[in-house]
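Colleague: For reference, the chains in residue letters:
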Amino acid sequence: MSRPAHRRPEYHKINKDLFVLTYGALVAQLCKDYEKDEDVNKYLDTMGYGIGTRLIEDFLARSCVRRCHSYSEIADIIAQVAFKMYLGITPSVTCNNASRNEFSLILDKNPLAEFVEELPAGRSSLCYSNLLCGIIRGALEMVHLAADVTFLKDRLKGDSVTEIGITFLKKLDEKKYRRKK
Amino acid sequence: MADAALFEFLHTEMVAELWAHDPDPSPGGQKTSLSVLKGMGFRVGQALGERLPRETLAFREELDILKFLCKDLWVAVFQKQMDSLRTNHQGTYVLQDNSFPLLVRMASGLQYLEEAPKFLAFTCGLLRGTLSTLGIKSLVTASVAALPACKFQVVIQKA
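Protein sequences appear in the order of chains A and B.
End of the first sequence = 181 in the UniProt record's numbering, gap-free, step of one.
End of the second sequence = 159 in the UniProt record's numbering, gap-free, step of one.
Just so you know, these hints were derived from the structure itself, not from any lab.
Using N, Cα and C, we set each Cβ at its ideal position, and we do this for glycine too.
Hints may be right or wrong, so weigh each one.
Here are the simulated lysine to any residue pairs, SDA-like style, with alpha carbons at most 25 Å apart [stated by the list, open to error]:
| # | chain 1 | residue 1 | chain 2 | residue 2 |
| --- | --- | --- | --- | --- |
| 1 | A | K153 | A | E117 |
| 2 | A | K36 | B | G39 |
| 3 | A | K42 | B | A5 |
| 4 | A | K16 | B | D72 |
| 5 | B | K118 | A | G50 |
To give an idea of the chain A side of the interface with chain B (calculated C-beta under 8 Å), a few residues [claimed, not checked]:
| # | residue |
| --- | --- |
| 6 | N15 |
| 7 | L18 |
| 8 | R54 |
| 9 | D58 |
Kindly produce the complete structure, drawing on both the sequences and the hints.
Modeller: If you want it as structure tokens, here you go:
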């Protein structure tokens, strides 16, 4: 047992699948516990929020992102750094309004739904990946940014893409809001 | 790729939420939450078992399978090997992890000893599920003497 096993490529896949499969088991369990889609969605969002409030520390420690000066920069970091780091994908970012506080993250591929072909029967309003919205919301709140985060479109519901909408609610504090580690 | 951290965060949240939303604090209620976590772990373990490289499925002996769990599966899932494996050669195996990643964040020593079983239930199910895919029926339980070390006991069920 003392010989170290090197990390074969297939183990990396097992590790990635572990999260996706566990998430699937969680959603299945919540569908058993709650009849209404809205309740499952809300629960996933709440759990995501709890995760996000802790994930932000992990993210900041690993990524060394610089201080942001605009919501647009933040949206870019979420898409290009955070999503890439944790889920291995880079959603594209679009800005949806002139005041530049509403953004969309467009996911070509949704790793959370990798093993899901379609929503379960009778669950047409289920936001399968709602955990992601909660995570983003919780993480942003820990850096003093209030935001509404919801799924605007979902491939699992028959839309052409999967799209997460982020609406920043408060003005970004000009003063330094992140303490240096 | 999904970070190991993401799974750990999800697992912690699941333990917290599945516990919180169970309104029955009696031992009976606690057992339900534990069995829900074990059930989820079982499903995931089965699915993981199906994704293992083909050559791992051609095991000669039961002991080889347990060694595989301790080395390859544990490394794939927890980025480390199991620290020791003991057996009575009669179908009972004790797998010891001196620094179990899902307990490491919590505390060291005897604090939170009562909470520890909640953090082991999913993994017990996972082991049982993977064994099931490899053709072995088993009962898996876990015990903690002092965090973050824990032992998983696997008892093979003969048909």
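Colleague: Checked against the structure, which of the hints given earlier come out wrong?
Modeller: Nothing - there is no hint that the structure violates, so all of them hold.
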